[in-house]
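Visitor: Protein chains in written order, with my numbering: chain A, 1 to 168; chain B, 1 to 101.
I should point out that these hints are in silico values taken from the structure, not numbers from a laboratory. Zero decoy hints are in this set.
A partial selection of chain A residues facing chain B, derived with a Cβ cut-off under 7 Å:
id, residue
1, E16
2, H82
3, N126
4, H151
5, R154
6, R158
Chain B side only, calculated, beta carbon under 10 Å to chain A, not exhaustive:
id, residue
7, C20
8, Q31
9, H32
10, E33
11, V51
12, Q59
13, F62
14, I68
15, A92
16, I95
17, Q98
Label pairs and their in silico Cβ distance ranges:
id, chain 1, residue 1, chain 2, residue 2, range
18, B, N97, A, R49, 19 to 25 Å
19, A, N100, B, K96, 41 to 47 Å
20, A, L113, B, Q98, 32 to 38 Å
21, B, F37, A, I14, 42 to 48 Å
22, A, T12, B, M49, 45 to 51 Å
Glycine included, every Cβ here is placed at the ideal spot set by N, Cα and C.
So the chains spell out like this:
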Amino acid sequence: MYNYAISRTHSTEISEDLIQDTFLSALRAKDSFKGKSTEKTWLIAILKRKIIDYYRKNSRNIEDNLIDKAKPFKDSGFFSGHWLDKNAPHEWNISDDIENQELIKIIQYCLSLLPLKWASCFNLKNLEEIPNQEICKELGISESNLWVMLHRARLQLRECLEINWFKK
Amino acid sequence: MTQHDHNHLIKDKMPLMISCDQTTYLLSKNQHEEIGFITKLKIKMHLAMCVYCRRYEKQIKFLDKIIIKIKSAPNLNSFQHKLTSEQKEKIAESIKNQENS
Ligand SMILES: [Zn+2]
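Next comes chain B alone, as it looks inside the complex (with noise of 0.2 Å):
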């Protein structure tokens, strides 16, 4: 029996205790707003035992600081794309045909 097994064998038999999809998903909504006390609680202690939820909350606070990077720079340069002209004519063209109708 692995450490994480064994460590939610203790859990089911406690109330407080609460699962790691459970925990996962506090962890989202708390990104976005107030839980609560004795909710921060309860996911503290299963992060307390649970080596892969801990990994997850630090990797999605990760996760989360790059989207706020492409959320700020749309033109950060790795996708700095450009309307070939093909395309902008394309787009004329259709506009000026809307605009006559």
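So here's chain A without its partners, still in its complex pose (with noise of 0.2 Å):
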């Protein structure tokens, strides 16, 4: 279980409350636990009830006005909307690193790193694949607003994993 919520909100710290959390409500409703499932599964379905509910008391109140700072494309002139040259992918060699274990830490250390706006947005998404209407709730935000967040933290993933692992 404490495997299961770092690798969702990277963070030992946050890891412990959640876990604490878990148990108490567990507890509380443990009337509730038919033995349809076994006790791991249960615990596990109200721990992720818990990170949902992380991220939406989290990110709920702050600002979107990162968006725009974190663009990797130039925002005016005759060339807006095109890569930034210092931002433009370069090639990547790769291999067979995708069994590398220190890639996982890397890009966990990169998910790590994103707002917690858009890391909410696309743990959801992409870990605990909600569908997007219950994520626009959960979060309050717009459906395009959640895709342009998707979209904002691909592309961060994508440089914070070029500088960190492709250009070493």
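The two chains are supplied separately, each in an independent frame; assemble them into the complex guided by the hints.
Guide: Dropping the structure here:
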């Protein structure tokens, strides 16, 4: 469970709190546990709910003004919308990296650097596989807003990976 | 003038053409849902002349593969974390306190 929480929140501290919270909720609701699933599945289901709650609580009131600052594209002039020279993707030498544990660590690190609101969107969508409508409701954003943040999150992840892995 | 710049010069005179910002955005969206034939065509046209976005497309597919791996295996060795006995005690203690209150 602890590993599950860390793989979702990328923080040991937050994970500790979430686990504690999960056990408390589980204790309070122990009568509703009917033994239909294993205890572990049941606890993970509660933990999942706690992770969503965590994202909701923490990203609701954050301003979105980070969005334009981190754009890797020119924002004015004739070439508006084109890659900035310093941010344009370089060639990657992709080999059997996907099995590389170090690479997974770097990605985890890059995920932890995402602005919380983008991370909320990205993790709920790609890791928890929550439907768009529900994510929007939980985070209090519009669907087009969600798409933009998912997009920005991937742009930043790509760049982070390039800097920390492929440029070595 | 680089090849890239040149391609984009041509681009802005043609209504079917979209920018790198739009292209990468649509590539992200396409990962999750159907985006329509015309839009796909616009992406294809942009990719045909923009080496940066071609790289982006390839790299983002690679990134997605790793994300899927992280999703499906939270117990990967690289982040095999264990709660220390101190942490466990702390959690147990606070649960006890809450129960009693
Ligand atoms: Zn492009």
